[in-house]
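2 protein chains.
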Amino acid sequence: MELVSIAEIRAAAENIGPVAVRTPVLPCLWADPDRPLWLKPENLQPIGSFKIRGAYTALSRLSEADRACGVVAYSSGNHAQAVAYAARAFGVPAVIVIEATAPAIKVEATRALGAEVVQVPLPERETAAAEIGRERGMTLIPPFDHPDVIAGQGTIGLEIVTDLPDVDLVLVPISGGGLASGIAAAVKALRPSAAVFGVEPEIAADTAAGFAAGERVHLPPEQRARTMADGLRAEPSELTFAHLRKLIDGVVTVTEDEILAAVGTLARRSHLVAEPSGAVTTAAYLNRAADLPAGRTVAVVSGGNIDPALFAKALQD
Amino acid sequence: MELVSIAEIRAAAENIGPVAVRTPVLPCLWADPDRPLWLKPENLQPIGSFKIRGAYTALSRLSEADRACGVVAYSSGNHAQAVAYAARAFGVPAVIVIEATAPAIKVEATRALGAEVVQVPLPERETAAAEIGRERGMTLIPPFDHPDVIAGQGTIGLEIVTDLPDVDLVLVPISGGGLASGIAAAVKALRPSAAVFGVEPEIAADTAAGFAAGERVHLPPEQRARTMADGLRAEPSELTFAHLRKLIDGVVTVTEDEILAAVGTLARRSHLVAEPSGAVTTAAYLNRAADLPAGRTVAVVSGGNIDPALFAKALQD
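One line per chain: the protein sequences are A and B, in this order.
Residue 166 in this note's numbering sits at position 166 of the first sequence; the count goes up by one each step and never skips.
Residue 219 in this note's numbering sits at position 219 of the second sequence; the count goes up by one each step and never skips.
It is worth saying that the hints were derived from the structure and are not from the lab.
Take the hints with a grain of salt, since some may be wrong.
With a straight-line Cα cutoff of 27 Å, these simulated DSS-like cross-link-like pairs (lysine-lysine) come out [as the list claims (entries may be wrong)]:
1) B/Lys106 x B/Lys313
2) B/Lys313 x A/Lys106
3) A/Lys313 x B/Lys106
4) A/Lys106 x A/Lys313
Remember, predicted model here, so these are calculated numbers, not experimental data.
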């Protein structure tokens, strides 16, 4: 299977300027001096997560004619807002299919970005989106299972190595694997000696299990749904799993308590509001030193869209 | 009186790279579309505030011999950590004079950066620092009343105009006035058509009163101490007031309730932990539109070192 190349990632980086913030790497004075830590704060993107990079890249690579017909996506989370925002930036229509049970606040956030929202029962999301695509001639933008989306997320890896050429270790959350695939493709091309580790919630660790088994392992959705890291409930596709197997050095897992504590640490010590999915890498840094290479470490903070009640709880810990 | 020049600010910008984060400007999707808003998140600096820029610049301009003897400062707040951090970066000793009543957490934070802390009664801080300087041959680094400090803070203005060449309005907190002086010097040199407004707490608005009177107005310290914006309790010096009178377009004030609500907005909508002093500009954007020019606006979020209990309260609002 052909993996995403550094050339594709460089091309994506040249395109995303108008919509994605070029986030800095933030040094952490509170880190262990023997393992200096920088944060890559993707929670500061306009929609609150890295997803804008992949969605915008995917839209930018459509033909002008196809793009003018609009795009469709299914998601209740960060990908929904990313596609809506990217479509608005291009001035083309977007339809987002969201499950009927999603919180009203997520539906409203997507509508506020100018997208049409269609609500269906959860199991029907994918087919409903495909049908809308066929009927209206709209292109489906997948959340991770596409080379253009992976290339877009890979721009984060490019920026990390540009800003910290002597980075030793990059920690990345793993869900569908698009983010980790893209970042690993960039980091391994530009600094092969740096390690890239994925991080998963212990109670939704399908990729860790897949690495142990040597092939993809499927966990029941209701099992994956148990983690508070609601952005980490997907599983890799064939495409992203191929990237991960080839490119990343390992996967570590963190507990729910460790994730919540890391949300608190990021707020108190680095002044960042992170969602649980974005805090897993900091949790791994703080609690899995023995399982990780030493050296100059970057933790990717993938997003900041946290439920206010959960955030308040994290601050109390 | 000679004001700080853009050449001095450019020279400072070339120096601070090793210690200060080059913060981006963050677009706010939640802003009024007719008055687009960007945040300049100085709360993301390693010590949690912009103060590192001025302190490091001041140290960098000492002669090597003077610098080797070390530096001294009096502050219980962000300037204390800034001087300690800058001294550590240069590998020279720092003594920070802190009032005996300061919270232990602030003393510890300063010690953790390698500085020696001397505690004295509040009214004796300044004289104690001067005495230590004389006795030990250490140079006093003032928090705002020095051209080098102003030039360092001015690098923020340089970065704003570089990143947003068509900015129309910059909102800056005013306390001692070093930050506003430096930013205004840079913005007015590079984009004279842009307005720069200062923001003060309504209950500690000495600069607003000074602008109305045409000269500096002194408010009693116990009056200034009432605001929760603990970084905005100082008053301009002759030097900074001269900059402000010449360079800024006006001063607006915000209430304590508006400040606290703005802390909540920054956390919920832009994923930033801001201290009250850093949130006054967002409070002004949200509540003083009628008193401010329209157009592309930047709010400087000067710092993030907020008391956890106060932050929890802001999130509940």
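Evaluated hints:
no.	hint	verdict
1	B/Lys106 x B/Lys313	21 Å, holds
2	B/Lys313 x A/Lys106	24 Å, holds
3	A/Lys313 x B/Lys106	24 Å, holds
4	A/Lys106 x A/Lys313	21 Å, holds
Going through the hint list in order, the structure satisfies each hint without exception.
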